Structure formats: C-alpha cells, structure tokens
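Trainee: Based on these hints, arrange chain B on the given structure of chain A.
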Amino acid sequence: MKILVVDDEQDVKDLFLQRFRKEIRSGIVTFEFAFSGEEAVEFLDGHQQEAVLILSDINMPGMSGLDLLKKIKQDYVDPPPTPTVMMITAYGDEENFNHAKSLGADDFLTKPLDFNQLKEKLNLTTK
Amino acid sequence: MKIYSKYFVLLLLFAVNVAFAQDREYAGGAVKISDSNGIKRDKSDTLSLNDEEKSIVLGLKWKLRFQDDSTFKSATYNDKSWKTITLDKEYNQLKELKSDTVGWLRRSIIIDSATANIPLLFKISAAGAYEFYVDGKLLGTFGKIDKKERETLVNLLEEQYSHQFDAAGKHQLAFRFLFDHTAKLNSNADIKFLEVVMQRSDHNRIKRGYEVYEAKGILTGLFLLAAVIHWFFFFQFKTDKRDSYNLFAFISMLLFGMYSYISSPSIHTYSLDRFVARESLESLFFVAAHCMLLIAVHKYLAQKSNKLLWISVGVIFTFGFICNFLIDGQYADYADLASIILLLGFYTLMLIVAKRQKAKSIKTLLNALLYFLVVFSVIVLIFITVATVSAINGYDMNRNLDSFLSLFFTTILAGPQLAVSFAISADLAKEFVQTNKTLNKKIEEIEHLSNEKEEILTKQNETLENLVSQRTAELNQTVNNLKATQAQLVQSEKLASLGELTAGIAHEIQNPLNFVNNFSEVSVELIDEMNEELEKGDLEEVKFIATDLKQNLEKINHHGLRASSIVKGMLEHSRTSDGNKELTDINVLADEYLRLAYHGLRAKDRTFNAKLETAFAEDLPQVNIIKQDIGRVLLNIINNAFQAVDEKTKNQSEEAPNKYEPCVSVSTVVEKNNVVIRIKDNADGIPDAIKDKVFQPFFTTKPTGKGTGLGMSLAYDIITKAHNGTLTFESENNVGTTFVISLPLDTKI
Numbered sequence: 001m002k003i004l005v006v007d008d009e010q011d012v013k014d015l016f017l018q019r020f021r022k023e024i025r026s027g028i029v030t031f032e033f034a035f036s037g038e039e040a041v042e043f044l045d046g047h048q049q050e051a052v053l054i055l056s057d058i059n060m061p062g063m064s065g066l067d068l069l070k071k072i073k074q075d076y077v078d079p080p081p082t083p084t085v086m087m088i089t090a091y092g093d094e095e096n097f098n099h100a101k102s103l104g105a106d107d108f109l110t111k112p113l114d115f116n117q118l119k120e121k122l123n124l125t126t127k
Numbered sequence: 128m129k130i131y132s133k134y135f136v137l138l139l140l141f142a143v144n145v146a147f148a149q150d151r152e153y154a155g156g157a158v159k160i161s162d163s164n165g166i167k168r169d170k171s172d173t174l175s176l177n178d179e180e181k182s183i184v185l186g187l188k189w190k191l192r193f194q195d196d197s198t199f200k201s202a203t204y205n206d207k208s209w210k211t212i213t214l215d216k217e218y219n220q221l222k223e224l225k226s227d228t229v230g231w232l233r234r235s236i237i238i239d240s241a242t243a244n245i246p247l248l249f250k251i252s253a254a255g256a257y258e259f260y261v262d263g264k265l266l267g268t269f270g271k272i273d274k275k276e277r278e279t280l281v282n283l284l285e286e287q288y289s290h291q292f293d294a295a296g297k298h299q300l301a302f303r304f305l306f307d308h309t310a311k312l313n314s315n316a317d318i319k320f321l322e323v324v325m326q327r328s329d330h331n332r333i334k335r336g337y338e339v340y341e342a343k344g345i346l347t348g349l350f351l352l353a354a355v356i357h358w359f360f361f362f363q364f365k366t367d368k369r370d371s372y373n374l375f376a377f378i379s380m381l382l383f384g385m386y387s388y389i390s391s392p393s394i395h396t397y398s399l400d401r402f403v404a405r406e407s408l409e410s411l412f413f414v415a416a417h418c419m420l421l422i423a424v425h426k427y428l429a430q431k432s433n434k435l436l437w438i439s440v441g442v443i444f445t446f447g448f449i450c451n452f453l454i455d456g457q458y459a460d461y462a463d464l465a466s467i468i469l470l471l472g473f474y475t476l477m478l479i480v481a482k483r484q485k486a487k488s489i490k491t492l493l494n495a496l497l498y499f500l501v502v503f504s505v506i507v508l509i510f511i512t513v514a515t516v517s518a519i520n521g522y523d524m525n526r527n528l529d530s531f532l533s534l535f536f537t538t539i540l541a542g543p544q545l546a547v548s549f550a551i552s553a554d555l556a557k558e559f560v561q562t563n564k565t566l567n568k569k570i571e572e573i574e575h576l577s578n579e580k581e582e583i584l585t586k587q588n589e590t591l592e593n594l595v596s597q598r599t600a601e602l603n604q605t606v607n608n609l610k611a612t613q614a615q616l617v618q619s620e621k622l623a624s625l626g627e628l629t630a631g632i633a634h635e636i637q638n639p640l641n642f643v644n645n646f647s648e649v650s651v652e653l654i655d656e657m658n659e660e661l662e663k664g665d666l667e668e669v670k671f672i673a674t675d676l677k678q679n680l681e682k683i684n685h686h687g688l689r690a691s692s693i694v695k696g697m698l699e700h701s702r703t704s705d706g707n708k709e710l711t712d713i714n715v716l717a718d719e720y721l722r723l724a725y726h727g728l729r730a731k732d733r734t735f736n737a738k739l740e741t742a743f744a745e746d747l748p749q750v751n752i753i754k755q756d757i758g759r760v761l762l763n764i765i766n767n768a769f770q771a772v773d774e775k776t777k778n779q780s781e782e783a784p785n786k787y788e789p790c791v792s793v794s795t796v797v798e799k800n801n802v803v804i805r806i807k808d809n810a811d812g813i814p815d816a817i818k819d820k821v822f823q824p825f826f827t828t829k830p831t832g833k834g835t836g837l838g839m840s841l842a843y844d845i846i847t848k849a850h851n852g853t854l855t856f857e858s859e860n861n862v863g864t865t866f867v868i869s870l871p872l873d874t875k876i
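If you read the protein sequences in the order shown, they are chains A and B.
For the first sequence, my numbering begins at 1 and goes up steadily by one.
For the second sequence, my numbering begins at 128 and goes up steadily by one.
Pulled out of the complex, with its shape left as it was, chain A reads as follows:
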C-alpha cells in the first residue's frame, strides 16, 4: 500500500519512516512525502494509480490540505478508485472536521498524531 503524506513540516518524513519502520521493512506499506499541496498534486499527476491513501495536513501555506482534498475528490475520480484521503490537523474542532467531511475527506486525525490509532485505521481501511 502506497501512502502519500502531505505536510509542510520536513520532520514528518522521519517521523513516519520511524513509526512505520516495521511495516516498511515487512513491505506492507511504502511512503511518499510531499511538503506542500502543490507538490502533492505534482506527485499525483505522475503517479495517479500508485497512491492509495493520502494523509494531508490542513494548515499549509499556499494550497491548503482542504484545497488538496477538494482537488483530489474532483479531479482524480477517473479511473477509480478515488484515493482515500485522511486529513490531519492541529485544530481538532468540529467546524474543521465537518468542513473536511463535506469535501469528501475519508477520515480526520488531530495532532499530535496517535500512530497506534492511525495504524488501526490503516488496517481497517486496507481491509
């Protein structure tokens, strides 16, 4: 399973790589990282079929996570399946959550990230 992580924080890459080191080693998941919405779009244009799951931060300069979500849910419907998009944000409030939901977000995670929870959800979603 290929997961695209979109966050403007560089250290997210190291964090994910360490947190999922076992899964990566066992070849269950592979990660790709984009450090802005624009970079994510660029990657998706090149590897549309590869990314199954997209984890995106909402608060990013320029194209925000919500914009990215909107774009993905509108532009990458064909050919299906539409990638699963999980939004990550530091603001765990309902308004943000509902907005993301209305744009078609498949799930909603708050910072600081609970990786155990995330792994559970990944297992769920991959089923």
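Everything labelled a hint here was simulated from the structure, so no lab data went into it.
Hints should not be assumed to be uniformly reliable.
DSS-like, lysine-lysine: derived pairs with alpha carbons at most 30 angstroms apart [claimed, not checked]:
id, chain 1, residue 1, chain 2, residue 2
1, A, K22, B, K663
2, A, K71, B, K807
3, B, K807, A, K70
Given the structure is predicted, the values throughout are model-derived calculations rather than measurements.
Mentor: Same frame as chain A, now just chain B:
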C-alpha cells in the same frame, strides 16, 4: 448790592473828575494841558524873569493889522489904532486871524533890569509862515511868506531864537505873517495861530507838550502790548466762537495804539493839511477804538441781544463825529473826555443788563472798572494832596502841575480801555492757570489711576499666573492620565492581537509537540527493538538503531526548543516593551510573524487560505531594533493583508469562484542603507476616502469591538519615532496594497 455800591463809587469819582476838569478851565481854557502849566503869563506890563519865574507866555495885548508895511517892524511905530487881540486862544477860536492876506502883529514889552543882560530864548510855534522882529531887527523866519507859492506849515513844537536885551525898559516885538486860514481843523485840534514864550536860556524846562508825547509813547506801547495779548488769545481760542471778543479787543487795542502813536508826532513841522488829516485820523481811531471795545465787551458778556450794543456804538460814534468834525466851538475840547464818560456809561449799562441776565463774565468786567477806579483815585488823591500842600505852603504849584495833569489825563483817556483789556487778559490768564491746575490735577489723577490699574493688572497677572499654573498642573494630570490610558490601550491592543494569535500559536505549538511526543514514543519502541537486537547479538542493527535514537533525541530537543521559542515569542509579544534594541535578523522575524498571522487566521476561520510568498534577501544584515515592537508591526500589517484578501475571496466566491487567488507576499531588501520590508496583498486596495486615516489613532474598518483602531497608529509610531524609519503604503484599486517599512541600518541604540 455790592455791585450797585461799586457803581455808586464809580459815578462819584466821575463827578469829581468832571468838576476838576472844569476847575482846570482857569489855567488854560482847554483840555490841552500844554499851554499854561508852569509858565507865568504876561498879565503885568513889566516882564521879569528871575530864578523862580523862568519863562513867560506872551499871549495878551497883541496888536493886529492886516496890511503889509515894512515900517511896522519899527520899535517906534505907533500901533495904538490897531486892533487888540489875545493869542492864547486856539485856531478855531481866533476868527480875527483868518485872512488870506499878509498881516502884522505887534507887542511891546517892558523888561526889568534883572531880566536885561541875561541870555533869553524866544520859543515860537505858529500855523503858518512868519518873520520875527525884535526892536525892528529880524530875529528869525519860518516858512515863506508868499501868497502864490505859499507852503503852509504848522509848527507843532517850536522854533527857538536866542536874544539878549541890552537894557531894561521898553522893547518892541513884531511878526509879519501869513497864516493859513483855509484849513478846516476839527474842533479838537491842538493848534494855535501863534504862541510866543520868552524864557531864560538857562531854564532847562523840557519843551512844551513833551510830557504828553512821552505819556502817549508809553500808552502806545501798552496798547500794542494789549493788542498782542488779545491777538495771541484769539489764536489760542480760535475754535471757541465766544472768544471772538479777543478779535475785537485786539482791533480796539490796535486802534488805540495807533491813536496814541499818531497823536505823539516825532517831527516838528507838518503841512497843515497833513496835520488836519492826522488829527481826523486820530479822532477816528479814538472813536472806532471805543466802539470796538464795546463790541468786545458785548461778545465777552455773550449777550444775545445786540440792541444795547448798537445804541452804544451809534451814540459814541455820532457823538465823536459831531464833536470832532461838526461843532466848531470851545466845547469841542470836551469831546475826548465825553467819549470816555459815554464809554464808561454804556459799559456800566451793559454790565447791568448782563447782571440781570445773569451773565457769567460780569465779575471780570467789574474788576476792570475797579482797577481803573483804584488807579484813578490814587492819582486824584495824590493830586489833591499835592495841590493842598502847595496851597498851604504858598508855593506856586504850576511847576509840578504838568506832570500830574499829564498823568491824570492820560489815565482818563486810556485807563478804562486798558483796564478792560487787562482785566479780560488777566481773566484769561487766570483761566489758563485754572486750566493748568485742573490739568495737573487730572494728570495726577490719571497717574494715580494708572498706578491703581497697574496694581490691578499686577494682581490680575498673579491671578492669571496662578490659574495658568493650576491649569497646567491639571493638564499635566490629564496628560499623565492620558498616558496611562494610552499605555492601557496599547496593552489592550497587544492583548487583542494576542487573542488573535492564540489559535495560531496553539497550532504552532501543536506541530513541535506532535514531533516531541511521537519521536519520544518511537524512541521508546526503538530502545525495545535495540534490546531485542542486543539479545540476538546483531550489533550492526543495534548501531543503526542507536543512530536513529540519537537523531530522534535531537529532533525532540529541536522541537522542544521550537515550542519554547514560540511560548517565549508569545510572552514577548504581550510583555510591555522594555525599549532595548538588539541586532535582529529581519528575515527570521518576518517569517515567524507571517506564520503566526497565517495560523492565527486559519485557527479562527478554517476556510481561510492564502498563498504566502516570501522573497527574503540573502545575506540581509542584522538591524538594531526593538524586536517585539517591530514584530507587532509586522503582525499588524500582515494580519490586515490576510483579512483584506480573505474578504475579497469571500465576496468573489459566489459569482466567479476560484478565479481569484489570494496572495500575500513578504519581501526584504537592502536599499540605500535601509532594510526595506514590503508586505504586499492582491486585495481590493484601500479606498481613497480613508487613505489619510490609515495611521490615525482609533481609526478602524473593523466592526465595533473587533479592533481597537490603534494597531496601525502604534505601528506608525514604532517605525517612525522609535526606529527613525518610515512606514508608507501604496494602494491601487482592485490591484492591492503594499506596505513598505524602511529601517535604517546605522541606527545606533
């Protein structure tokens, strides 16, 4: 009653005067004083001149004949058939001498032995030409006896001829003459056909008539002086209509002066016509002067009715005219005196009328009368005393009479006029003095008042100063209050912006916390793994994990520091500025606040998004600034930019969604020794109407309660005052706004 008693005294004295004048008749038969006083008359046949009797007037017992024969001069010629005539009379009274033919006058005298052998003088004045013979010998001539070319002269003073009789006894005087009989002299003229005086040549008696002339000379001076005084007063008081009396008094005094002047001739000989003209002018001046004086008095009394004045002037003028020009008789001699009496009479009458009308100026004029009467009385008293003493002691007082009479008549002739003039002048002088005194008093009062005012002013000044200092103190208090309020406002502005930032800050802290938590958790897992690998003995893997662990710990440390720096920044932002400048990297600062502002807005409004562009100059020199103040400025401007683009986004999203890409860019650059920070948005721009107000305190476009309106004002103060920089903006409608902060690089502390 007092005034009436004054009138009474006045009238009494005039009665005395008139009586005296008539009493004087015996001496010369005329008002003129010059022909009899102090000179012995030839009443006895034998003429004797000695130490006591030094001169004799030869006026009686002359023989007259109008026939020309040279034998008439002879001492031996018998003139018993000739007409006897007295020469003492005046021109107008001697009709016998009025003839156009040459005539002769003879007089025989008897000289006593004492008179013979002493040098004698014959003093002769005549109204015509003559030849004078003594004992048949020609002693002197005057004029030219020529009917056709006769030059009629009048010898006003006298010709003198020296002679000494060789023996006592009978001697013969004879005149061959041609007198002027055609002259129509005014009745007052002081002219005789012929006057002969014989005197001892050692008799130094002054010439006949000189007393009068001298007195008149003095009078001329007095009158002219009075005239000058009135002229002066007239010009001084020209503005006051009432004071035209000074003009008339001036004219009157001038006329009197002229009268006095021409009635005291300085030369001996006149032509008779000229003499007549002079006499007429003299009389005219005299009368006119009186009339003018009355007018002056009238004006002085400020009488409304002119009736009395015109009657007075009319009477005096008519009377004078009649006396001087019409009546050809002996009463003519009284004309001058009568004029004076008339004048005084009318004067008194005017005063009485004025008194009834309660005119104000009466007192002065009454004083005038009193002055005159006092002087007059003194003279009369002296005269009477001297006369009495002379009579008791048996002296012939004729020798002193001249001076007294001269003084006496001069006083009568000129006294009242001068008295009036001087009284008025004195009154005016008194007024001057009074005015002067009043003025001085006024000046003193004014000085006093000004002193008082000065005191009042000083007091007021003190009061004002007190008030001012009081007000200043109050103002200072108010200013202090304002400063305190301002400080509070600034604080609340800070708190407000802090509130805005809270969400952003929370997000900013969440991110590092995310890493701290996760990296520490994963590190625990890594240590477990490492232990497993150690038991397995796979040291390569252990080393690999240890490297990761070290890296993680570094990251934890890094993000912990990051969180603490954010907290520190937040604290710095809310803390009151201590004003300490420190060298700061503007790029870092700008980036930090850009993020803070962005996340702040994002925290509040999830839908908000904007493209952030940064163009930071590489190798930007550090600038000496108060960090939190400049940070606040950046935050303020960036916040405004975000809000502007957000607003535009929301307004446009319905009609043409996605067409507008909100963008805020921050750039730094070094320009001319300044670090310039540009914060640019692509919103609608600032409307022209509020461009001027952007930096004004309490100006805000936000809804009430949402903004203090101090943000931009404080920003402006921070940049321009505290950092000596500039804060400007450029804004174009529908294009955007760029705020430009310029901070000088060489700012020293």
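Trainee: Against this structure, judge whether each hint is valid.
Mentor: Hints, one by one, checked against the model:
As the CA atoms of K22(A) and K663(B) are separated by approximately 17 angstroms, the hinted pair is consistent with the 30 angstroms bound. The hinted pair formed by K71(A) and K807(B) meets the criterion: a straight-line CA distance of about 27 angstroms does not exceed 30 angstroms. Between K807(B) and K70(A) the alpha-carbon distance is near 27 angstroms, which keeps this suggested pair within the 30 angstroms criterion.
No hint from the list above goes unmet by this structure.
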